[in-house]
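Let's have the full structure, built from the sequences with the hints guiding it.
Protein chains: 2
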Amino acid sequence: MYRPQNLRLPGPTFVPQAVLQASARPMINHRGPEFAALLAAVTRALQDFLQTRNDVLLLTASGTGGLEAAIVNVLSAGDKVLAFNNGAFGERWAAMAKAYGLDVRRVDVPLGRAIEPELVRDELRKEGPNGARAVLLTHNETSVGVLNPLREIAPIIRESGKLFLVDSVSGAGAVELDIDGWGIDVCVTASQKAWGAPPGLSMVTVGERAWKATERATLPRYYFDFQKAKASLEKGATPWTPAVTVVIALQEALRLMSEEGLEGIIQRHVDLARATRRGVQALGLGLFSDENYASPTVTAVRSPARVDSRNLARVLRDEYDVVVAGGQGKLEGQIFRLGHMGFVTISDITSMLGALELALRRFNVTAEPGTAITAALRAFAAEPVVAGARRG
Amino acid sequence: MYRPQNLRLPGPTFVPQAVLQASARPMINHRGPEFAALLAAVTRALQDFLQTRNDVLLLTASGTGGLEAAIVNVLSAGDKVLAFNNGAFGERWAAMAKAYGLDVRRVDVPLGRAIEPELVRDELRKEGPNGARAVLLTHNETSVGVLNPLREIAPIIRESGKLFLVDSVSGAGAVELDIDGWGIDVCVTASQKAWGAPPGLSMVTVGERAWKATERATLPRYYFDFQKAKASLEKGATPWTPAVTVVIALQEALRLMSEEGLEGIIQRHVDLARATRRGVQALGLGLFSDENYASPTVTAVRSPARVDSRNLARVLRDEYDVVVAGGQGKLEGQIFRLGHMGFVTISDITSMLGALELALRRFNVTAEPGTAITAALRAFAAEPVVAGARRG
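Chains A and B, in that order, are what the protein sequence lines are. Heads up: the first sequence begins at 7 in the numbering used here, then just goes up one per residue. Heads up: the second sequence begins at 7 in the numbering used here, then just goes up one per residue.
Since the hints were derived computationally from the structure, they do not count as laboratory data. Any given hint could turn out to be false.
Identical copies carry no separate label here, and so any pair may be met within one copy or between two of them.
What the hints assert, rightly or not - The list that follows gives simulated cross-link-like pairs (lysine-lysine, DSS-like), each with its CA atoms no further than 27 angstroms apart:
1) 218 <-> 241
2) 86 <-> 104
3) 234 <-> 86
4) 236 <-> 218
5) 236 <-> 336
6) 336 <-> 241
7) 234 <-> 132
8) 336 <-> 104
9) 234 <-> 218
10) 132 <-> 218
11) 104 <-> 218
12) 234 <-> 104
Nothing here was measured: the structure is a model prediction, and the numbers come from that model.
So this is what it looks like as structure tokens:
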């Protein structure tokens with residue numbers, strides 16, 4: 007029997023039919039006026055959603071490519087960088103910086119915990135004026151479902167005068183992110199996350215301080231060169247052939263997002279994340295991470311005792327067509343991660359939770375049918391918690 | 007009135023409806039069994055078309071990204087490389103090598119001429135055993151419509167023992183290319199060229215000598231790291247989120263290509279290229295490049311005296327919906343380039359030539375109506391010239 011999948015990954019996320027259809031439009035010239043108009047429109051819409059007047063560059067690459075671009079364009083070999091890390095993606099970014107010969111001081115936070123403002127303040131104090139030239143910070147750590155409190159951290163980094171590079175690959179477009187207000191110099195996101203488009207594009211904002219930094223940065227670069235991208239953008243193009251169909255899809259996704267509006271999108275993610283957490287907790291499952299910093303886009307759940315989360319994910323996929331993510335690295339088998347990022351409704355969440363109830367029975371973890379769904383609906387219907395004020 | 011475009015660019019090329027539709031399938035998990043099966047099937051089909059048992063890596067990037075990957079994975083800063091150059095893409099690759107701190111000796115051939123075996127032999131002789139570690143060579147130089155005679159050049163480079171890196175971005179899948187037989191260590195192509203899929207993927211073959219070279223190569227790399235790509239490929243995945251919809255599209259395009267078969271595809275390109283050349287010549291226009299090495303995938307044509315080719319291209323596009331490419335760099339305004347790469351039929355060529363006749367009238371270049379089309383059809387119907395034996 008044909009059954010559509012409920013793609014509950016933290017990326018690639020569900021792509022609406024209208025967006026997929028848009029991506030199937032006939033191919034166009036990437037150096038012609040149609041593409042120039044498309045690029046201008048997408049760039050403008052992204053600036054709105056990212057709350058920035060900075061340049062937004064479209065790179066044909068995954069988010070990881072965008073993170074590499076952030077490093078190679080503003081830094082030089084031997085530069086000291088301070089990399090805050092509370093999960094696999096923070097780790098990856100730090101590893102990348104090391105691969106490029108940067109002098110990386112990594113500050114690790116236990117998995118499941120957030121990077122808190124006090125820590126950032128203390129670590130920056132240790133650096134002093136001859137210390138790190140840049141701070142690398144993951145906004146939404148997808149591997150553990152933690153949203154680091156960037157609103158509180160940003161002014162501390164800004165005050166230090168250091169370059170402020172942010173990985174918001176899985177946050178931007180779904181959670182509060184005030185690039186200009188918070189003074190973020192380079193911010194990286196990707197098409198297949200909250201934006202609900204297919205993968206293939208990384209969108210990178212570049213501010214004035216970052217542009218200045220590109221002038222003295224000597225790390226080798228060509229494909230990811232920001233200056234080349236900007237020079238082309240001014241002529242309505244990209245320096246190299248872009249993923250045209252993904253750009254077209256992204257335009258349609260942004261149009262759908264505009265109908266809802268950024269505020270509504272942010273609130274919906276908060277509400278769906280709360281519903282998800284209450285649902286899994288009602289089944290007796292534990293949240294992996296500090297709920298004070300629970301990510302609105304992905305929830306990490308501890309697998310029940312003696313249940314390998316890979317097996318649970320397999321049953322969910324093969325028997326119930328619900329696709330969830332497992333744990334990464336040390337957390338493999340220990341946790342599973344539920345994505346509620348992008349074009350997601352409460353129906354997607356209840357459908358997922360119903361499947362989870364049934365799948366758990368296969369591992370002798372039973373609950374009264376409807377337990378998770380009821381809890382989720384109750385949480386969803388409750389007085390909405392205002393987005394961005396989760397710590398109150 | 008709705009009029010479909012006749013996309014006669016040397017990339018992105020026309021994407022068949024079936025391929026576009028495939029790319030609009032629902033999003034899938036890039037770490038699940040469906041994607042693993044897809045990746046394995048695409049890799050196998052690419053190995054067949056590229057006549058290689060080498061690894062084929064899919065990088066989410068344009069062809070330029072693939073060319074960068076070729077450099078950073080097998081070379082180290084200061085390494086000498088010999089870069090043969092007969093156009094904008096050869097120039098770009100050499101510039102990229104320089105940007106990565108390589109010691110590049112560029113051998114320039116006048117625009118419109120091929121890189122001939124004798125030249126390669128002479129230049130390699132100058133290098134000697136302590137000379138260049140690698141040779142960079144563009145197979146099909148898109149900017150001038152020249153196919154360099156790789157069959158004759160390959161044994162010379164192979165004999166030298168140097169790493170043999172080939173840009174066949176706009177050649178592979180349409181012209182003769184025997185990666186294993188010719189001993190090519192790294193060969194780069196891209197989805198939006200002869201493969202008829204949307205842009206977003208670069209496909210790179212990596213042979214044994216190249217794998218050995220990755221072990222001592224010290225250029226910094228992360229996103230484009232071949233070893234990471236191979237480790238993931240062995241687990242049926244890519245290290246970073248791939249352009250999933252483009253991979254699905256590429257699978258469908260490869261299926262369509264299999265129906266025709268590589269030999270048929272190669273012959274068709276030779277025949278369509280010949281028809282194109284005869285068509286434009288019948289209008290009194292000159293070919294820009296040495297016809298002995300005419301590219302089967304793109305033809306560069308001199309714009310008539312006092313006609314800026316940009317204006318001609320604009321009339322073709324705006325009035326006849328035929329999209330052609332202009333000249334690059336020094337050739338801007340001087341030439342226009344007609345793409346006949348990928349899923350192209352003789353109807354696409356005659357339709358383009360009819361439009362060209364009409365458009366030229368706007369610039370007071372007139373011919374008896376039907377002149378170009380007649381010449382093209384005559385050339386197409388004539389005893390076919392066997393592909394790969396164009397010099398006889």
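Status of the hints after comparison with the structure:
| no. | hint | verdict |
| --- | --- | --- |
| 1 | 218 <-> 241 | within (21 angstroms within a copy, 42 angstroms between copies) |
| 2 | 86 <-> 104 | both (10 angstroms within a copy, 25 angstroms between copies) |
| 3 | 234 <-> 86 | both (26 angstroms within a copy, 25 angstroms between copies) |
| 4 | 236 <-> 218 | within (13 angstroms within a copy, 37 angstroms between copies) |
| 5 | 236 <-> 336 | between (40 angstroms within a copy, 22 angstroms between copies) |
| 6 | 336 <-> 241 | between (47 angstroms within a copy, 18 angstroms between copies) |
| 7 | 234 <-> 132 | neither (36 angstroms within a copy, 35 angstroms between copies) |
| 8 | 336 <-> 104 | within (21 angstroms within a copy, 40 angstroms between copies) |
| 9 | 234 <-> 218 | within (15 angstroms within a copy, 33 angstroms between copies) |
| 10 | 132 <-> 218 | within (25 angstroms within a copy, 43 angstroms between copies) |
| 11 | 104 <-> 218 | both (23 angstroms within a copy, 23 angstroms between copies) |
| 12 | 234 <-> 104 | both (25 angstroms within a copy, 16 angstroms between copies) |
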